[in-house]
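Novice: In case you want the letters, here they are:
Protein chains: 4
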Amino acid sequence: MTGFVPKNPDFEARVRDSFARQGAMALIGAELAHVAPGAVDIAVNFRPELSQQHGFFHGGIVGTAADSAGGYAAFSLMPADSSVLTVEYKMNLIAPADGERLIAKGRVIKPGRTLTICQVDVFVVRGGREHRCAVLLQTLMTMSGRNDGPKE
Amino acid sequence: MTGFVPKNPDFEARVRDSFARQGAMALIGAELAHVAPGAVDIAVNFRPELSQQHGFFHGGIVGTAADSAGGYAAFSLMPADSSVLTVEYKMNLIAPADGERLIAKGRVIKPGRTLTICQVDVFVVRGGREHRCAVLLQTLMTMSGRNDGPKE
Amino acid sequence: MTGFVPKNPDFEARVRDSFARQGAMALIGAELAHVAPGAVDIAVNFRPELSQQHGFFHGGIVGTAADSAGGYAAFSLMPADSSVLTVEYKMNLIAPADGERLIAKGRVIKPGRTLTICQVDVFVVRGGREHRCAVLLQTLMTMSGRNDGPKE
Amino acid sequence: MTGFVPKNPDFEARVRDSFARQGAMALIGAELAHVAPGAVDIAVNFRPELSQQHGFFHGGIVGTAADSAGGYAAFSLMPADSSVLTVEYKMNLIAPADGERLIAKGRVIKPGRTLTICQVDVFVVRGGREHRCAVLLQTLMTMSGRNDGPKE
Chain C
0 MTGFVPKNPD FEARVRDSFA RQGAMALIGA ELAHVAPGAV DIAVNFRPEL SQQHGFFHGG
60 IVGTAADSAG GYAAFSLMPA DSSVLTVEYK MNLIAPADGE RLIAKGRVIK PGRTLTICQV
120 DVFVVRGGRE HRCAVLLQTL MTMSGRNDGP KE
Chain X
0 MTGFVPKNPD FEARVRDSFA RQGAMALIGA ELAHVAPGAV DIAVNFRPEL SQQHGFFHGG
60 IVGTAADSAG GYAAFSLMPA DSSVLTVEYK MNLIAPADGE RLIAKGRVIK PGRTLTICQV
120 DVFVVRGGRE HRCAVLLQTL MTMSGRNDGP KE
Chain L
0 MTGFVPKNPD FEARVRDSFA RQGAMALIGA ELAHVAPGAV DIAVNFRPEL SQQHGFFHGG
60 IVGTAADSAG GYAAFSLMPA DSSVLTVEYK MNLIAPADGE RLIAKGRVIK PGRTLTICQV
120 DVFVVRGGRE HRCAVLLQTL MTMSGRNDGP KE
Chain W
0 MTGFVPKNPD FEARVRDSFA RQGAMALIGA ELAHVAPGAV DIAVNFRPEL SQQHGFFHGG
60 IVGTAADSAG GYAAFSLMPA DSSVLTVEYK MNLIAPADGE RLIAKGRVIK PGRTLTICQV
120 DVFVVRGGRE HRCAVLLQTL MTMSGRNDGP KE
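So the sequence lines, in the order shown, correspond to chains C, X, L and W.
Residues in the first sequence are numbered from 0 upward in steps of one, following numbering that gives the first Met the number 0.
Residues in the second sequence are numbered from 0 upward in steps of one, following numbering that gives the first Met the number 0.
Residues in the third sequence are numbered from 0 upward in steps of one, following numbering that gives the first Met the number 0.
Residues in the fourth sequence are numbered from 0 upward in steps of one, following numbering that gives the first Met the number 0.
Hints should not be assumed to be uniformly reliable.
Derived EDC-like pairs (lysine to aspartate or glutamate); straight-line CA-CA distance at most 16 Å [to be verified]:
1. X:109 / W:120
2. C:6 / C:80
3. L:109 / C:120
4. L:6 / L:80
5. W:109 / X:120
6. X:6 / X:80
7. C:109 / L:120
8. W:6 / W:80
Derived, one-sided and incomplete: chain W residues facing chain X with beta-carbon distance under 10 Å [as the list claims (entries may be wrong)]:
9. 84
10. 93
11. 102
12. 109
13. 111
14. 113
15. 124
16. 127
17. 131
18. 142
19. 143
Don't read these hints as lab results, they were simulated from the structure.
Computed from a predicted model, the values in this text were never measured in an experiment.
Note that CB positions come from ideal geometry on N, CA and C, so glycine has one too.
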């Protein structure tokens with residue numbers, strides 16, 4: 000329960016449709032684990048292709064999953080005729096992303112007509128337990144009257 | 000010419016060796032385009048697998064290339080018996096990453112015994128011209144006495 | 000209740016003593032409203048001298064109170080013979096700081112031997128109610144064997 | 000020479016007028032040292048009232064000067080009927096702000112209709128020489144049709 004009322008009743012279908020068009024999500028093997036108004040989780044199972052030099056999840060992969068989780072959390076609250084754009088994010092990697100699965104939990108902390116602010120907490124699952132490994136603050140922009148589809 | 004004197008004369012071999020062990024760099028098709036003391040460029044050619052929903056480079060892929068570019072710029076100045084860790088970064092996406100190639104240019108702006116600060120400028124090549132599409136500020140940590148190899 | 004066990008039983012006296020030496024805290028009229036292990040609140044009453052051009056608290060004043068709140072939250076968990084240094088922070092101003100009082104609540108989210116990560120939520124009190132107006136992610140460093148007093 | 004063409008020929012008067020209404024700038028003794036299209040410098044002479052516990056400029060004061068320098072650099076390029084708002088900034092403190100004078104140099108790196116991105120480099124003057132002590136990335140928003148004056 001996030002307490003947010005989506006402007007678009009079809010928000011979940013829109014999030015899932017847009018996610019399916021992100022080549023980068025397929026590349027890293029990401030899945031949409033949870034979609035609610037203002038709250039989206041994205042999960043990624045570990046593969047050696049996702050590693051940095053020590054064999055943990057690469058910080059950039061953590062950031063990629065987190066950027067999309069926050070982006071879709073924001074997008075879930077936007078009007079039907081709009082698109083979402085990441086303005087910026089800042090990520091602190093607070094523990095090694097050493098585990099079998101990554102879960103990025105994007106949450107809107109301040110929705111707005113033009114700008115939306117999200118916090119994303121990223122957890123790594125190790126031995127069945129979730130450990131927080133990263134935290135992000137992210138700013139997103141509503142692109143009004145801009146279809147969310149591919150460039151033409 | 001960066002003006003930095005590397006503590007380890009073998010810095011380039013160490014950077015190339017560590018880069019080769021990052022599964023995530025192979026996954027996104029990244030190459031080390033330039034390695035100098037305190038300055039590392041990483042380039043990525045566009046493929047649909049690297050896209051967000053509009054068909055541009057995904058912000059997370061931009062961040063992944065940039066995180067490694069800054070990380071290896073910092074690593075190039077570290078002593079031989081150390082390893083590098085990204086503490087945090089903040090990225091502003093200032094223009095659509097719409098182009099055929101991405102070049103992340105990591106530059107040390109403040110080396111330190113424990114912490115190193117980098118700026119990374121990311122350019123997208125479109126029609127043969129470089130356009131800056133992102134800028135990062137990044138904090139990295141020297142892990143002394145810690146081999147840069149895989150976890151044991 | 001933060002669940003943190005301070006390394007120094009005199010943590011509160013050390014925080015209060017260091018705070019008293021920060022000229023900037025007196026200049027803006029800041030007071031230490033709460034000191035617990037890993038959790039420090041700093042409050043500032045509004046005066047026109049603290050304003051930006053619209054008459055609200057200036058973003059820099061919000062950042063000044065927040066930087067010290069997070070810094071002292073981190074310092075409260077550090078050993079007796081150490082000092083604290085802000086490495087970096089990122090602040091999102093999520094609502095106008097329009098009110099009669101500001102309360103910056105610094106909380107350690109990841110303590111560490113060398114680096115500590117804090118989140119700071121800043122609230123503005125308006126009509127007796129707290130409204131969150133800013134959120135920060137902050138990285139702090141323990142300076143071991145470095146007295147917290149003035150430069151010599 | 001910044002290469003930017005201001006939308007408002009009276010940009011300098013507007014910047015100076017708005018600056019004069021920021022109580023916080025007077026409180027810390029800040030002066031407008033340079034105003035050009037997309038480039039504003041703010042200088043602050045040291046006083047003990049601006050210090051942290053070691054007697055250097057407080058990080059929050061560095062941030063306050065820098066936030067206004069970047070904010071006015073952005074504002075200098077905005078249309079006449081608008082106001083500027085800081086969305087967020089991230090600051091790395093890269094050296095102790097130990098000196099007799101602080102100069103925050105705000106530069107627009109990407110102007111936009113809605114959002115403007117600035118980099119701010121902050122220097123401390125010590126023994127007559129400028130040393131860079133902080134670097135910021137900052138996002139600002141144009142508030143169209145919103146007078147820059149006090150709240151009514």
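Novice: Now look at each hint and say whether the structure bears it out.
Specialist: Right, here's what the structure says about each hint:
1. For the suggested pair residue 109 of chain X and residue 120 of chain W, the alpha carbons sit about 13 Å apart, so the restraint of at most 16 Å is met.
2. Straight-line distance between C-alpha atoms of residue 6 of chain C and residue 80 of chain C comes to about 11 Å, which keeps the hinted pair within the 16 Å bound.
3. Between residue 109 of chain L and residue 120 of chain C, the direct Cα distance comes to roughly 13 Å. Compliance with the 16 Å bound is thereby established for this hinted pair.
4. With a C-alpha separation of about 11 Å, the suggested pairing of residue 6 of chain L with residue 80 of chain L holds against the 16 Å cut-off.
5. Only pairs whose Cα atoms come within 16 Å are accepted, and residue 109 of chain W paired with residue 120 of chain X is accepted, the gap being roughly 13 Å.
6. As the CA atoms of residue 6 of chain X and residue 80 of chain X are separated by approximately 11 Å, the hinted pair is consistent with the 16 Å bound.
7. Taken as a hint, the residue 109 of chain C and residue 120 of chain L pair is honoured in the structure, with Cα atoms around 13 Å apart against an allowance of 16 Å.
8. Using a Cα cut-off of 16 Å, the hinted pair residue 6 of chain W and residue 80 of chain W holds, with the two alpha carbons roughly 11 Å apart.
9. The interface hint given for residue 84 of chain W is violated, since its Cβ lies 16 Å from the closest Cβ of chain X, which is over the 10 Å cut-off.
10. Taking 10 Å as the C-beta cut-off, the interface hint given for residue 93 of chain W holds, the closest approach to chain X being about 4 Å.
11. Interface restraint check for residue 102 of chain W: the shortest CB-CB distance to chain X comes to about 17 Å, outside 10 Å, so the restraint is violated.
12. A hinted interface residue such as residue 109 of chain W counts as satisfied when its beta carbon comes closer than 10 Å to some beta carbon of chain X; here the least separation is about 4 Å, so the hint holds.
13. Restraint check, residue 111 of chain W versus chain X: the minimum CB separation of about 9 Å is within 10 Å; hint holds.
14. With its C-beta approaching chain X no nearer than about 13 Å, residue 113 of chain W sits outside the 10 Å limit, and its interface hint is violated.
15. The restraint placing residue 124 of chain W at the interface with chain X is violated, with a minimum CB-CB distance near 18 Å, outside the 10 Å limit.
16. Hint status for residue 127 of chain W: violated, given a least beta-carbon distance of 22 Å to chain X, over 10 Å.
17. Below 10 Å, beta-carbon pairs count as interface contacts, and residue 131 of chain W has one with chain X at about 8 Å; its hint therefore holds.
18. For residue 142 of chain W, the interface hint is violated, since its Cβ never comes within 10 Å of a Cβ in chain X; the closest pair sits about 20 Å apart.
19. Violation of the interface hint for residue 143 of chain W is found here, the shortest Cβ-Cβ separation to chain X being roughly 21 Å, above the 10 Å cut-off.
Of the numbered hints stated above, those contradicted by the structure are hints 9, 11, 14, 15, 16, 18, 19, listed in ascending order.
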